[in-house]
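**Student:** What follows is the residue order along each chain.
Number of protein chains: 6
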Amino acid sequence: MFKHDKQLLHEVRVDASNPNYAAMLQEQLGGPQGELKAALQYLSQSFRIKDPAIKDLFLDIASEELSHMEMVATTVNMLNGHKLDAHNATVGNIEAHVLSGLTPMLTNASGQLWTAAYVNETGDLAADILSNIAAEQRAKVVYEYLHRQINDKGVRETIDFLLNREEAHNTMFREAFNKIQDTGSLKDWGVTKDSKLYFNLSTPGGQYFNADNPQPASFSNPNPQNPSQH
Amino acid sequence: MFKHDKQLLHEVRVDASNPNYAAMLQEQLGGPQGELKAALQYLSQSFRIKDPAIKDLFLDIASEELSHMEMVATTVNMLNGHKLDAHNATVGNIEAHVLSGLTPMLTNASGQLWTAAYVNETGDLAADILSNIAAEQRAKVVYEYLHRQINDKGVRETIDFLLNREEAHNTMFREAFNKIQDTGSLKDWGVTKDSKLYFNLSTPGGQYFNADNPQPASFSNPNPQNPSQH
Amino acid sequence: MFKHDKQLLHEVRVDASNPNYAAMLQEQLGGPQGELKAALQYLSQSFRIKDPAIKDLFLDIASEELSHMEMVATTVNMLNGHKLDAHNATVGNIEAHVLSGLTPMLTNASGQLWTAAYVNETGDLAADILSNIAAEQRAKVVYEYLHRQINDKGVRETIDFLLNREEAHNTMFREAFNKIQDTGSLKDWGVTKDSKLYFNLSTPGGQYFNADNPQPASFSNPNPQNPSQH
Amino acid sequence: MFKHDKQLLHEVRVDASNPNYAAMLQEQLGGPQGELKAALQYLSQSFRIKDPAIKDLFLDIASEELSHMEMVATTVNMLNGHKLDAHNATVGNIEAHVLSGLTPMLTNASGQLWTAAYVNETGDLAADILSNIAAEQRAKVVYEYLHRQINDKGVRETIDFLLNREEAHNTMFREAFNKIQDTGSLKDWGVTKDSKLYFNLSTPGGQYFNADNPQPASFSNPNPQNPSQH
Amino acid sequence: MFKHDKQLLHEVRVDASNPNYAAMLQEQLGGPQGELKAALQYLSQSFRIKDPAIKDLFLDIASEELSHMEMVATTVNMLNGHKLDAHNATVGNIEAHVLSGLTPMLTNASGQLWTAAYVNETGDLAADILSNIAAEQRAKVVYEYLHRQINDKGVRETIDFLLNREEAHNTMFREAFNKIQDTGSLKDWGVTKDSKLYFNLSTPGGQYFNADNPQPASFSNPNPQNPSQH
Amino acid sequence: MFKHDKQLLHEVRVDASNPNYAAMLQEQLGGPQGELKAALQYLSQSFRIKDPAIKDLFLDIASEELSHMEMVATTVNMLNGHKLDAHNATVGNIEAHVLSGLTPMLTNASGQLWTAAYVNETGDLAADILSNIAAEQRAKVVYEYLHRQINDKGVRETIDFLLNREEAHNTMFREAFNKIQDTGSLKDWGVTKDSKLYFNLSTPGGQYFNADNPQPASFSNPNPQNPSQH
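Residue numbers (the UniProt record's numbering), protein chains in the order written: chain Y, 1 to 230; chain F, 1 to 230; chain L, 1 to 230; chain H, 1 to 230; chain Z, 1 to 230; chain A, 1 to 230.
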């Protein structure tokens with residue numbers, strides 16, 4: 001069951017309306033590395049997870065990403081201001097001015113509608129957690145790009161918060177990954193000679209990496225100790 | 001420049017036509033974890049990479065994934081057999097029987113058309129390599145699912161080869177990841193308190209993981225030695 | 001902020017696994033009249049609403065629809081059972097068997113990926129509430145179709161609950177609609193002669209309806225009294 | 001059978017070419033609240049309707065919406081002018097300048113391709129008519145947004161005509177809705193206690209609306225008398 | 001302006017309901033080679049055509065394709081019969097049974113929603129007419145595939161009619177193409193050496209075709225004489 | 001098997017970075033008439049072709065189109081320059097600045113993600129080759145539009161090369177088409193009276209074309225002689 005609290009997870013503010021930046025920030029509301037994608041990916045994956053600790057982690061983070069989505073949308077809404085004027089919104093999509101009456105939308109910065117094609121779920125914990133670690137890293141990157149292109153202090157504080165939260169999630173997902181070693185798709189790794197070959201198909205160019213000693217993934221930097229259960 | 005060799009990367013065969021399994025195997029031709037997605041993701045990412053060793057790796061693997069796609073498509077084509085008969089193709093999409101004249105298509109097993117929404121690229125090497133490691137793990141999982149549902153020996157050999165190649169790519173991408181430590185989005189990790197917090201938003205449930213000591217990702221099992229450049 | 005409670009809004013159960021019906025029930029998880037669409041439509045619309053009572057209504061129902069989505073997904077998960085076997089899943093999409101490892105997905109019954117094209121938001125309360133009333137009526141209809149095609153008592157109870165909740169939402173949205181008479185797009189209705197014309201473009205056929213006396217919509221059956229605010 | 005008359009339903013003109021506004025007006029050609037969507041929704045729904053009066057109404061309006069689409073497209077074509085110059089088309093999508101040679105396209109203002117995901121049809125008259133009433137209200141809203149952002153008198157006259165026609169359709173659909181009381185999904189409304197509950201899931205916030213006395217929808221303002229059949 | 005005549009362009013009938021074939025025939029209602037695509041492609045292209053004879057041809061055929069769409073939809077509706085029963089609809093998409101209440105839909109046989117990505121328009125008559133000739137040939141092929149998989153005499157007669165009409169359109173478009181020689185993109189053909197080269201990139205394999213003597217396309221079999229204008 | 005050569009098929013250069021033109025040129029990377037579409041269409045079609053000469057032709061051109069895609073992407077990458085600045089990228093989609101870190105993407109100029117809906121394949125050689133001839137003509141047209149809107153000499157040289165190559169492919173596909181006369185869907189043309197009718201559905205307007213003497217397509221200008229096999 002989901003419950004909503006009208007208080008935001010973290011307050012947001014903008015120094016001034018900025019319709020062009022509103023369109024840009026839409027990227028993290030309705031784009032492939034955005035908050036809706038993260039929330040729905042983790043939630044979808046959680047439906048079949050049996051390990052209670054990992055299921056709890058996925059649902060904690062899914063709920064937080066939904067809450068991030070609300071923060072991003074609230075910020076976009078403020079940035080959209082109060083005047084329909086597509087002629088002065090020359091960066092990115094203009095749906096706020098012709099379709100949604102300045103309401104934030106489930107699209108990316110250029111108007112592509114959100115699609116579940118962004119969501120990866122496999123029913124295999126190793127694959128899903130790796131997907132999530134990658135998703136968090138990509139989300140961080142997009143926030144960095146957005147941070148560089150805005151001076152508004154209120155917006156920068158919000159982006160800074162969200163970016164750091166993606167790092168936290170990334171860290172936690174890696175911990176969870178290391179906990180599931182030798183399970184699921186991490187088993188039976190590198191059992192045939194084919195798993196050790198390198199096909200050098202792009203030339204000129206050497207073989208700078210190899211797969212001689214194939215082993216499933218594990219991360220070198222899990223947090224040293226886990227908290228006791230609350 | 002791309003060149004094509006009519007010899008397959010690895011020969012394929014099927015013991016018998018099997019229109020239902022043809023539809024199922026379409027998943028790895030035109031689905032989100034399939035070969036076309038992998039090929040185009042790595043190729044797209046490569047366009048801006050400057051490090052020559054990593055660029056070479058991405059292009060080697062992109063070329064191989066294109067070659068895998070050709071193997072999968074050739075197998076689907078054999079499995080489709082020679083008779084249009086949607087009434088006997090009751091598993092998955094029926095486009096082979098009504099639209100493509102039994103030619104393999106760029107759709108998944110259920111008929112969803114391939115979309116570039118499956119492709120992740122960020123211009124950041126750390127994020128892109130993590131995306132690729134996750135993609136390889138997911139591709140392995142889907143091949144495992146497909147392997148379990150077919151007895152045809154020819155098909156199983158092909159799937160076995162492809163599955164092991166995904167492991168090899170996974171291993172190589174991890175090596176590349178460890179080589180780029182302290183660059184791009186791996187820098188400046190965990191600098192604010194927000195990156196260390198845990199929001200316990202799903203209850204009941206404790207806090208089984210934490211982010212107390214945030215550090216960027218690195219893998220614990222790179223291959224110990226690199227080959228000399230050829 | 002969204003919080004998750006691991007207790008479902010309403011408990012669900014199935015008498016037996018049923019992979020074919022699992023695919024059918026996917027329609028209300030990831031289809032155009034499904035729970036995800038409803039949740040995201042009302043949430044998206046709420047971002048710019050100023051009237052606190054209506055904003056609260058939208059967020060109450062959005063949260064409930066998210067909780068419905070969780071109920072539907074949990075049911076689909078149970079129906080999917082424990083065996084990958086696309087050859088025995090001949091009704092609807094087979095992604096559970098080849099892609100998601102039996103995890104519920106954000107697709108409709110036939111495998112079309114969920115898209116934000118299903119979500120209508122205009123920034124105008126009258127248009128948005130009418131959209132929601134229509135969405136609830138359509139959701140009811142789809143649940144009726146699904147109810148007729150299953151004998152499993154557990155599933156029928158869940159569908160019955162959800163169907164009745166859509167009726168409740170429908171009723172509440174109509175109340176809200178009647179409260180906003182003479183606002184937004186309900187103003188200035190029927191001011192030109194063009195709003196009163198009938199173009200009889202399909203023949204043979206008469207003019208069985210007219211627009212002689214155009215007035216904005218209002219519903220005849222609001223609840224007679226409102227509860228006091230809690 | 002459809003027949004085409006080269007005379008427009010209502011003549012259109014523009015005072016001057018305006019590539020930016022051409023992109024904006026694309027919203028009502030190929031967007032979710034646009035004329036193509038309306039035409040195809042009503043036409044699709046009509047295929048299974050048995051009531052001859054309602055079927056005639058749907059086909060009359062579907063034909064008119066197709067004719068509206070032609071008016072919008074003709075206007076977009078005029079606004080596109082005669083010069084390919086994406087560098088001076090900085091508002092919205094630029095496909096007219098790089099892809100279609102200034103021909104109107106089946107996209108929205110920001111370039112999203114039209115999709116049948118916009119079309120709702122359920123085979124239930126009550127649900128379909130409510131969908132259409134909502135669609136007409138949304139179309140009116142979008143025309144209001146577009147009207148505010150253009151001074152061209154020719155364009156404003158066309159938008160004014162189209163906006164008033166959406167009101168007329170809205171009125172007529174409401175009449176049709178009231179005629180089908182006690183049929184289809186309007187039957188058996190509110191039979192369980194679940195249909196009367198309110199879940200207060202967003203807090204703080206009271207319960208400003210209720211469902212204590214659930215009844216199916218009916219509109220309070222149908223036209224008092226129907227014309228005789230022609 | 002479009003007008004609708006309730007008489008079909010050509011009467012349709014089915015010998016018996018056939019839900020599986022209904023799903024298959026959906027391919028020509030909402031698939032890439034179907035009637036909706038043809039109608040909207042020719043209509044969209046027509047908006048900017050100046051040559052009155054060619055514009056008339058495009059609109060004649062667009063109107064006919066809309067009328068074909070109505071024939072196909074009417075046939076699908078008959079084939080869907082009167083019983084919601086997805087469990088007995090094991091070929092192709094099941095949306096008729098879970099979503100549309102047996103109403104024909106704007107999807108292909110496997111449930112992919114119709115998309116304007118199927119529509120090609122360039123503003124160049126030569127490119128557009130070649131697109132249309134190809135579209136008609138593909139439509140013929142799909143009708144052939146569908147014809148082979150049904151014994152119902154009523155359905156076969158309808159398919160036979162539609163297939164022959166695609167041939168007629170193909171013939172007429174070729175006539176129109178030959179009339180526009182030396183215009184638009186047919187001018188300035190083969191002016192650089194690059195237009196005469198052959199890159200032999202797939203090996204082993206020779207060069208079985210060449211481009212030594214590049215000339216724009218023209219068809220060898222136009223109708224010998226044109227009718228006088230009516 | 002595909003092999004990659006790091007040398008481009010034809011060198012590219014740009015005189016200066018130009019983020020707006022980078023977005024425009026995206027049209028031929030990820031748009032409906034672009035290089036990715038061409039490559040994947042011909043490759044997909046080739047999977048079931050038996051005629052070795054035609055199969056070789058399709059694979060030669062598919063490989064070349066992949067190589068063109070690489071040229072276009074390399075040019076887009078150069079045009080994107082080195083500065084994330086969506087506020088100065090006011091023409092077309094802004095994903096390079098918010099999502100991809102200036103890496104070329106699989107989208108069109110306005111941000112629509114590439115979709116396999118652009119790819120036509122039928123399993124019938126006549127239909128497929130006509131599709132390809134049309135695709136090459138459209139690609140030429142789009143390059144002409146792009147050529148007119150750029151002064152950069154480097155870019156113009158690249159576009160000129162690519163445009164002329166599309167002409168060469170067009171010529172070669174026509175040769176192949178004429179070679180397959182009397183096969184596949186070219187057989188049994190015009191056998192019923194329906195294939196000779198003209199429906200004059202758009203009025204006013206005469207009948208400027210006819211189908212009195214229906215014959216399958218053939219081109220009047222094939223190259224007079226074929227080269228010997230290499």
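It cannot be assumed that every hint is accurate.
Any copy, or any two copies together, can satisfy a pair, since identical chains are not distinguished.
Unchecked claim - Cross-link-like lysine-lysine pairs, in silico, DSS-like; alpha carbons within 27 Å at most:
1) Lys-6 to Lys-153
2) Lys-83 to Lys-55
3) Lys-83 to Lys-196
4) Lys-83 to Lys-153
No wet-lab data here; the hints were simulated from the structure.
In this text, all values refer to a predicted model and were calculated from it rather than measured experimentally.
**Student:** State for each hint whether it applies.
**Tutor:** Hint check:
1. Lys-6 to Lys-153: Classified as within; 24 Å inside a copy, 38 Å across copies.
2. Lys-83 to Lys-55: between (44 Å within a copy, 21 Å between copies)
3. Lys-83 to Lys-196: neither (61 Å within a copy, 31 Å between copies)
4. Lys-83 to Lys-153: For Lys-83 and Lys-153, the Cα distance is within 27 Å both inside one copy (22 Å) and across copies (21 Å).
The structure fails hint 3 only (numbered hints given earlier).
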